[in-house]
Amino acid sequence: AQRVTQPEKLLSVFKGAPVELKCNYSYSGSPELFWYVQYSRQRLQLLLRHISRESIKGFTADLNKGETSFHLKKPFAQEEDSAMYYCALSPYNQGGKLIFGQGTELSVKP
Amino acid sequence: EAGVTQFPSHSVIEKGQTVTLRCDPISGHDNLYWYRRVMGKEIKFLLHFVKESKQDESGMPNNRFLAERTGGTYSTLKVQPAELEDSGVYFCASSQGPAGEQYFGPGTRLTVT
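Sequences listed follow chains S and B, in order. When we follow my numbering, the leftmost residue of the first sequence carries the number 39, and every step to the right adds one. When we follow my numbering, the leftmost residue of the second sequence carries the number 4, and every step to the right adds one.
To be clear, the hints were calculated from the coordinates, so they are not data collected in a lab. All residues carry an ideal CB built from backbone N, CA and C; glycine is no exception. Some clues are possibly wrong.
With beta-carbon atoms standing in for the labels, derived distance ranges [claimed, not checked]:
1) B:T73 with S:S66: 17 to 25 Å
2) S:E105 with B:A5: 34 to 42 Å
3) S:P56 with B:L69: 45 to 53 Å
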């Protein structure tokens, strides 16, 4: 079965602290993985995708095929990082549809 | 350039009524996707259009849902008759190619009472 699991519904950290949002997936092939973010009163938008191997807004995510994980990390959280974060998987050769996790709400306190 | 737009932003209807949601993708985007988030659950894929053709409708919950994309431009998603469990937020997204970045609309919040 194709599934994405985000074990934390809510993650609360203080400004300047490191943050790690966990994402595990279940997929038999080679998936494409994404992190999407939804800031308050804004639409869902792509944060990063594993094939680009970029760092966006200080966030990075490494695909670990052995652990089937794609955790999102940032060394120093900022208040403006507070948002809903969704990990998503796109199965190979299935038209680009996305399978989402349940989302993690990140709250960065001053 | 305008992003993906959806109309209405919010709809409240009674069980048994019909509702039609509309999505206007970014101009030139052949790929259009519908998703929905039911309260407390994850965002789920409903279907995928390439131009006017349904490429994948494996996520459509049942035959009360009908999606169209006549002319390969905007798309509509009709729910007839609506049931209580259809309440949720319906998102539309578009992309240039199937592997391209998906741009999401603001969503339509559907409440069935």
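Now for the hints, and whether the structure bears them out:
| no. | hint | in the structure |
| --- | --- | --- |
| 1 | B:T73 with S:S66: 17 to 25 Å | violated (37 Å) |
| 2 | S:E105 with B:A5: 34 to 42 Å | holds (41 Å) |
| 3 | S:P56 with B:L69: 45 to 53 Å | holds (48 Å) |
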